[in-house]
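Colleague: Sequence:
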Amino acid sequence: MHKPAIRLADVFSAGFAHYLLDNGPLPAQHYAVANAIMACRTAALGGHVLHCQECGHDVISYNSCRNRHCPTCQARARAQWVDARTRELLRVPYFHVVFTVPAQLNPFALRNKEAFYNILFAAASQTLAELGRDDKRLGGELGCIAVLHTWGQNLMDHPHLHFIVPGGALDDDRWVSCNARDFLFPVKVMAALFRGKFLDAFKHALDNGDIALCGTLERFRKDPALLRGMIDDLYRTNWVVYAKPPFGGPKAVVKYLGRYTHRIAIADARIVALTDTHVSFQWKDYADHGRSKIMTLTIVEFIRRFLYHVVPLHFVRIRYYGFLSVRSRKVKLALCRDQTGGETIDADALHTDAPTGPRWAPCAVCGSVRMVPIRMIMKYSPWRPEEINVRTARGFNHTIPPDEDGKSPRYPEPFGKTIKMVPGSISGGTLALAA
29 MHKPAIRLAD
39 VFSAGFAHYL
49 LDNGPLPAQH
59 YAVANAIMAC
69 RTAALGGHVL
79 HCQECGHDVI
89 SYNSCRNRHC
99 PTCQARARAQ
109 WVDARTRELL
119 RVPYFHVVFT
129 VPAQLNPFAL
139 RNKEAFYNIL
149 FAAASQTLAE
159 LGRDDKRLGG
169 ELGCIAVLHT
179 WGQNLMDHPH
189 LHFIVPGGAL
199 DDDRWVSCNA
209 RDFLFPVKVM
219 AALFRGKFLD
229 AFKHALDNGD
239 IALCGTLERF
249 RKDPALLRGM
259 IDDLYRTNWV
269 VYAKPPFGGP
279 KAVVKYLGRY
289 THRIAIADAR
299 IVALTDTHVS
309 FQWKDYADHG
319 RSKIMTLTIV
329 EFIRRFLYHV
339 VPLHFVRIRY
349 YGFLSVRSRK
359 VKLALCRDQT
369 GGETIDADAL
379 HTDAPTGPRW
389 APCAVCGSVR
399 MVPIRMIMKY
409 SPWRPEEINV
419 RTARGFNHTI
429 PPDEDGKSPR
439 YPEPFGKTIK
449 MVPGSISGGT
459 LALAA
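Heads up, the sequence shown is in the numbering used here, so the first residue is 29 and it goes up one at a time.
There could be a bad hint or two in this list.
Unchecked claim - In silico EDC-like cross-links for lysine to aspartate or glutamate, where the CA-CA straight-line distance does not exceed 20 Å:
1) K360 - D251
2) K231 - D251
3) K231 - D260
4) K283 - E142
Hints are computed from structural coordinates only; laboratory data are not their basis.
Could you put the whole structure together from the sequences, leaning on the hints where they help?
Modeller: Pasting the structure below:
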């Protein structure tokens, strides 16, 4: 018998109340993220009744939360984004560069997320831009895409940036190709320049109060000499910048884009076991040659680690620089394409998994994609005693509010016919409907 997959929503449903007892009250956004994840694709958010035009089978499709921290809601947004970026690819080598910060700075990032992440973006992007403008290297304007990740495989805090950089620069209206076969720029040069730019901005943020010294950081406020000593140690530390060889072609770039851009701290597929008190998940131990292992944590500790990675409201995790910046992308990409002798890459030929197919999943009975919505299910409301009580496939009691005439909510014409709901007759996620 097939074992049902464990979702992040199941973990939160099992332990978020206990987490609140130990750690509450929480920031308002943490409540919003947790509630969105638990409500995702349940009757709490409403949905639709879908009708198969081939076999007549009817099924409930609940709405998703569309929260960017929810692993269930990222596939379509990722596919759309990847499809758009694929059509902007140039026929040149692409490089992958990763900027990380020493672990001593992690507590500052946790308590000052927006200010810290902005410094990280600025220092890394300025490092690449300065090296790109250097006449000894490329002597032109680079273009790059930066993606913020804040986690490690064990879900602990590990802020770092992934950059995708085309192998060349735009010098006015002339394309300058990168001669490096293996790496875009020397790693030690990038690391030293990045360290200087980051720490300079970090010190200014401390002086301006943009970086607050609260919680466990209060010791630095009480003892400024301790803070100065830590910064001096960071200047003497060799910072780590990963610079990987160029991608093997447009397909490899697209595969990378889909893998990294819309990821969150953990995907549902990595969760392997859940009990009343503990959760187990897969992780790669890079200290042990990247071997795959199983880590088991209490549910409370798992939720605590996950909530580390809730980014500030409206914070932009994916940013564009140089000739790929939003403001100048259209004009400068056309110049780059003319200079590199290439045309727009065919996204369809690269199999980008763009959402060009039907919005609804195929029929579970006959496999047809001809699924049409015939009825809208309103969001669950606990303040309506007249609602119809039904049982979903997961075995939880939810309610679907009826119309004023006693019928369940439906789309206006021409979306579907008027049909009555038979209360209590939902089994296995399927509605039994009567004309």
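Colleague: Look at each hint and say if it fits the structure.
Modeller: Evaluated hints:
Taking the CA atoms of K360 and D251, the gap is about 50 Å. The hint is violated against a cut of 20 Å. Taking the CA atoms of K231 and D251, the gap is about 16 Å. The hint holds against a cut of 20 Å. Under the criterion of a C-alpha separation no larger than 20 Å, the hint pairing K231 with D260 is consistent with the structure, at around 11 Å. A threshold of 20 Å between alpha carbons decides the hint, and for K283 with E142 the separation of about 29 Å lies outside it, so the pair is violated.
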